[in-house]
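2 protein chains.
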Amino acid sequence: MNIRFYNALILTMEEGVPVFDGEVWVRDEKLLYVGSGKDKDDFFREFAEPCIIWDEEIDCRGNLLMPGFKNAHTHSGMTLLRSYADDLPLHAWLNEQVFPIEAKLSKEDIYHLTKLAILEYLTSGITSIFEMYLTPESIAEACTEMGMRCVQTGGVNNFSQSVELLEKWYEELNGKHPLLSFLPGFHAEYTCSKELLKKIAAFAKEKKAPVYTHLSETEAEVAGCKERYGMTPGMFLDSLGMFEYGGGVYHGVWLTLEEMKIFKQKGVSVITNPGSNMKLASGIAPVESFLEEGLNVAVGTDGPASNNCLDMFREMFLVTGLAKLKRMDASAIDALEVLKMATVNGAKAMMLEDNGTLARDKLADMIMIDLHMPNMQPLNNIAKNIVYSGSKQNVKMTMIHGKILYLDGKFCVPDKPEDIYRKANEIINRLKQ
Amino acid sequence: MNIRFYNALILTMEEGVPVFDGEVWVRDEKLLYVGSGKDKDDFFREFAEPCIIWDEEIDCRGNLLMPGFKNAHTHSGMTLLRSYADDLPLHAWLNEQVFPIEAKLSKEDIYHLTKLAILEYLTSGITSIFEMYLTPESIAEACTEMGMRCVQTGGVNNFSQSVELLEKWYEELNGKHPLLSFLPGFHAEYTCSKELLKKIAAFAKEKKAPVYTHLSETEAEVAGCKERYGMTPGMFLDSLGMFEYGGGVYHGVWLTLEEMKIFKQKGVSVITNPGSNMKLASGIAPVESFLEEGLNVAVGTDGPASNNCLDMFREMFLVTGLAKLKRMDASAIDALEVLKMATVNGAKAMMLEDNGTLARDKLADMIMIDLHMPNMQPLNNIAKNIVYSGSKQNVKMTMIHGKILYLDGKFCVPDKPEDIYRKANEIINRLKQ
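Protein chains in written order, with this note's numbering: chain L, 762 to 1194; chain D, 762 to 1194.
No wet-lab data here; the hints were simulated from the structure.
Incorrect hints may have been included.
Unchecked claim - In silico DSSO-like pairs for lysine-lysine, Cα to Cα no more than 30 Å straight-line: (1) Lys1171/L with Lys987/D; (2) Lys1171/L with Lys1087/D; (3) Lys1171/D with Lys1087/L; (4) Lys1177/L with Lys1171/D; (5) Lys1184/L with Lys1025/L; (6) Lys1123/D with Lys1087/L; (7) Lys1087/D with Lys987/L; (8) Lys1164/D with Lys1171/L; (9) Lys1164/L with Lys1022/D; (10) Lys1177/D with Lys1022/L; (11) Lys1087/D with Lys1087/L.
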């Protein structure tokens, strides 16, 4: 399958490359060519192809092609609880509302609820998700059926999942399907015993694998860890040898400078979730400090029960907006840095090194941003337009692994959206009883 | 012209009325009927009409009808400067970037740039704007041509506009056109001499009119006023008799409790602009305190140079999200309260008492929210869905004064969007030189 996108503006997100006019050619799941189109003859000579028979040629009409967004932290199945239990603090929200309903969720429920989330990811230009939820097998099924690239991590804790299951998923979900991978992970320090954490660290060491977890989301969580172990959560986990092969922490709202320095040393990414941190009143993450310490910072929506949407445009604006407020400095974190977090850095945090930018031989995970909309005009600065005034409304196309899954407001997936909506409503109505 | 909307969910925003299934009938610029549709016979009897010949019947397919949003503070013509000069603090941004370019703007430029903003308002379900900018006549022209309801206020300061012009616009723009009105206003305490402020207060008293102004946007502004007059800006203006007939203040980020109490007494609304306050690092307004003091709180996007978008969904999320962070309380300001700010309270702040809710005989300023989108599912709570996960993508229709101006992503306005975009780019390219 050969697809040619022409008459486009292109933001490759390769270091130092400005927006340019050009073409992108996709062959099967990969980018065959990304350039101005003026060097076509050289290209054909190099590839010893006389020409390409196009299966599809798409006139971009001056719209922007760029790498798809990496949603580096989510719990897709929580679509169920969107607008179900809002306006509560994190612990009450989790313990009184989320956990009791989640306890009743079946694998099949999560399969359907994940599909609902995937539809929304597509409308937001999200081409890879970093998923932590209850039933990795049924999540994998939903993602492969719909065509979503999905890196999963474990959510092991004292009450559910286990190191044995981590091992099983690690073996079964890696290398199984080009859209899937699995990395070790656990829910959080405060839901895991020290013994369990040690077992997880040993498993990761054995596999030479990175480890992912929720960390320092609330002030209370940090205080609890200090009380239990006399250390902040990051220092405590590091003392157990958790991050010998890197990894990542979600939220990191209350990270100390000491923890940031360790994370830099160990290659631990921080995935910031500003929408969720606002809505649950967890605080403002010190993202400026993360950057100053040289950490790899990615962005995630968190689950739709705490956000409540899966909208990378909102998250991107919040990353810079909240940094500006926290520092009381309007120059904090510029738009291009935020776009980097949402693409290149996200890919890095998720161990997806081959889809962070648009370049020859990279995976064709690409979106088209509609510049023919009033919020994208005038074209003073396209990166700033996307971060400061962009919205889901501007996502004209979402392509994952060379397949167009969303185009002009229509989903190109096997399921009918209405069937997915009906299923989600059926599930919540059943579980509420 | 008779239009029937059927098969709808309806959120009237009338006090205490929950979402219900029903119909809305529009006759010319007004709502003729808002109800479940079961009492049609009673209706026809009361109106002594045997039946209605419909010019148009719209099947809403279960989508939501609600009052359009009131954008209670904006400077539409600043679309020009979107993404032109970001990442600067307020004073540097105003003095070094905004004012020099604005000084070159012609009436005709502002006419075109306002049209660009109007397109974006329509995509965001905004049906009334509260405008403060340089050339009220050409703004009025753009709004009437495009069909946008526009309340304007003066931006008098030491360098431009005057009380004489306020008087002229007050006479000329009130009662001239059903979409237009004008209320006295000035730029800010810090750009007006005491003498000028006294003249404005005297003018408002003579007309028995409310007065509007930017107030306490930054901490520096408050400190400056205290230095000049030994009082905070709100107390100082009140001491000049500025708010004898009410009015409103934009931003109010640094308002004191004392000022809030005076504003409550005088019927002064506070219009909060969270996106702009974040982006310019001005601070988080104490919106919870405004509500506790019983103030009328409305929401505005501010101009697109400081926000940078004109998106009431983003503003609504930020109102509650920032309140939750400021109080570190996830239960701060619930979704319905935010919707009230964006509709009913906005109308009140703008002296538009007849379009805040959907009810018989009110003006037909109405929007349709697409619930058949993944971010609106499941339907656990529609108000929360709109505020917490809604986006411009969900605006299926925008109707102002009984006219459908935006439907299914298409603009129903006299101008071609591409012409407006081209014009905006021409203007900025000319003025940049």
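So, going through the hints one by one against the coordinates:
no.: 1; hint: Lys1171/L with Lys987/D; result: violated (57 Å)
no.: 2; hint: Lys1171/L with Lys1087/D; result: violated (39 Å)
no.: 3; hint: Lys1171/D with Lys1087/L; result: violated (39 Å)
no.: 4; hint: Lys1177/L with Lys1171/D; result: holds (24 Å)
no.: 5; hint: Lys1184/L with Lys1025/L; result: violated (44 Å)
no.: 6; hint: Lys1123/D with Lys1087/L; result: violated (43 Å)
no.: 7; hint: Lys1087/D with Lys987/L; result: holds (25 Å)
no.: 8; hint: Lys1164/D with Lys1171/L; result: holds (27 Å)
no.: 9; hint: Lys1164/L with Lys1022/D; result: violated (59 Å)
no.: 10; hint: Lys1177/D with Lys1022/L; result: violated (54 Å)
no.: 11; hint: Lys1087/D with Lys1087/L; result: holds (11 Å)
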